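Visitor: What follows is each chain in one-letter form.
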Amino acid sequence: MLEVRELHAWYDESHALHGVGLDVGKGEVVTLVGRNGAGKSTTLKSIVGIIRKKRGSIRLHDEPIERQPSHRIARMGVAFVPEERGIYAGLSVMENLTLPPVVGASAWPLERIFALFPRLRERARSPGTTLSGGEQQMLAIARALRTGPSLLLLDEPTEGLAPSIVKAIRDLILEIKRDGITVLLVSQNVRFAAKVSDRHYLMVNGRIVESLANAQVIDREHELLEYLGV
Amino acid sequence: MGAGYLALQIFNGLVSGAYFALLSLGLAIIFGMMRIVNFAHGAMYMLGAFGAYLAAKYLGLPFWWALVLAPVAVGLLGALFERTLIRRLMPLDPLYNLLLTFGLALVIEDFMKLFFGTQGTPYAMPAGLSGVIDLGITVYPIYRLAVIAISTLVCLAVWFAIEKTPLGAKIRAATENPQLTEAFGIDVSRLTTFVFAFGVGLAGLAGVLAAPTTNVTPVMGSDIIITTFAVVVIGGMGSIKGSIFTGFIVGIIAALGAVLYPPIANTLIFLLMAAVLIVRPTGLFGAPEGQR
Ligand SMILES: Nc1ncnc2c1ncn2[C@@H]1O[C@H](COP(=O)(O)OP(=O)(O)OP(=O)(O)O)[C@@H](O)[C@H]1O
Ligand SMILES: [Mg+2]
Chain H
44 MLEVRELHAW YDESHALHGV GLDVGKGEVV TLVGRNGAGK STTLKSIVGI
94 IRKKRGSIRL HDEPIERQPS HRIARMGVAF VPEERGIYAG LSVMENLTLP
144 PVVGASAWPL ERIFALFPRL RERARSPGTT LSGGEQQMLA IARALRTGPS
194 LLLLDEPTEG LAPSIVKAIR DLILEIKRDG ITVLLVSQNV RFAAKVSDRH
244 YLMVNGRIVE SLANAQVIDR EHELLEYLGV
Chain W
931 MGAGYLALQI FNGLVSGAYF ALLSLGLAII FGMMRIVNFA HGAMYMLGAF
981 GAYLAAKYLG LPFWWALVLA PVAVGLLGAL FERTLIRRLM PLDPLYNLLL
1031 TFGLALVIED FMKLFFGTQG TPYAMPAGLS GVIDLGITVY PIYRLAVIAI
1081 STLVCLAVWF AIEKTPLGAK IRAATENPQL TEAFGIDVSR LTTFVFAFGV
1131 GLAGLAGVLA APTTNVTPVM GSDIIITTFA VVVIGGMGSI KGSIFTGFIV
1181 GIIAALGAVL YPPIANTLIF LLMAAVLIVR PTGLFGAPEG QR
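Chains as they are written, first to last, in the working numbering: chain H, 44 to 273; chain W, 931 to 1222.
No lab work stands behind these hints, which were simulated from the structure alone. Some hints here could point you the wrong way.
What the hints assert, rightly or not - Some residues of chain H that are not near chain W, with every Cβ distance over 10 Å (derived): (1) G62; (2) R118; (3) A167; (4) E202; (5) E218; (6) R234; (7) A237; (8) H265.
Stated by the list, open to error - Partial pick of chain H residues on the chain W-facing surface, computed with a CB cut under 7 Å: (9) V91; (10) S113; (11) A117; (12) M119; (13) F123; (14) Y131; (15) M137; (16) E138; (17) L142; (18) P143; (19) G147; (20) A148.
Given the structure is predicted, the values throughout are model-derived calculations rather than measurements. A virtual CB, placed ideally from N, CA and C, is assigned to each residue, including glycine.
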């Protein structure tokens, strides 16, 4: 469903991706792991079209999207949860949640979101950034699910969060997976990634260097953690 | 000085405040979303007034029709400028668009001078709003009261639309983080055109409102815009509430100041601006850049 080939991307003159290739099949949860600065976030931002200066091919549902403007890509069913969460200070929690248009049939209705995250209902009228870090992450994920995406891009959803919240996010990803939503996840948390993912790609200096089955990641957990330096 | 005279001056202040508020509100929403200072704003105000004048002269359209149609026409012209010119300079330093819009203002003004000279022409007071009304404390022209009322209503409606509606949420989101908002499926480029068109449309509306009370002339825009920029600086760039409130307050202060000490009339607003800049450089309602 997602097919990336020979993807190069630049920030102005600085060359950040050097020929990334990856595939994500329908209904899969796939993780990108790699050290800080390897280009994981840049890969996601290139897929959603936030990064315009790029070369190579990105196909979604067999359609080329690398030249499409970002808002079209979103409307084709790609939902993005950025590393910095992207909660707007100038919008209330409710406005943050309902900002992106609903694009797919699998859209979560508000009742389902509020049943899972009652805090979002309680704080619906407060400015988005007055939520705690964990709540903001929940809001960012809920916002993506409300659109009914076919592909969900999650950038470091557990970074800096308490273990109980990490566990809640893990359960949520497993629930999303049961719904048949495809997930491309970026995570440095190898243990977390191994619990939710089918496959993993190891990224080094703007390239994918290795594709790992989940069992391999579990076997090599210590080696990987050491390599990642986390 | 009697209470009646004072009330009269306050009303006069509210009338000029009504124009300042509409103009600076338009500048503020454009600046908020695009980070450009639209120097062509005064020209758009002038075109609004001419729109009303020409619609009456050639199409026989009454004031109330002009009040709706002229701002729409000015907005469409703004959309054209945004699509064809301003957007091309958006990736560059905002100074380029400042120069561009300044140039546009000169071109539009001189173009109108070619046809209408600098003399100006009067625009008839709309039927039903001529005459004065006795308010008890003072007697005041009905039309000017209507100007205050229309401007207040429009400003409140715009504030409401931006702060409380889904469209407003999109505009606020795009103001705060355009790239991410685009990645959430919102066509920010179209929204930007709309916001620019709407902002200059407000200037056009102010122009139509001004037409019956002043001479409609090609230079009326450059006369009012400098003062409006002072109002915007006092209120703080980009603040919606601030621009409306400051527009009216500055109108009143300028009117009262001119009565209390006539020689200061033309400079008072600029003195106020200097004072605000010394005490609060971001303006009364402005937050420092990066903290909005
Ligand atoms: N906005 C930017 N401007 C310029 N260079 C950038 C920008 N964002 C990232 N880079 C550079 O691009 C490269 C890839 O960054 P990227 O954010 O994709 O890494 P990452 O794998 O997500 O790292 P992390 O684990 O720290 O999030 C890095 O060298 C980084 O310094
Ligand atoms: Mg990253």
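Visitor: Please write out, lowest number first, the hints stated earlier that are contradicted by the structure.
Guide: 2, 12, 15, 19, 20
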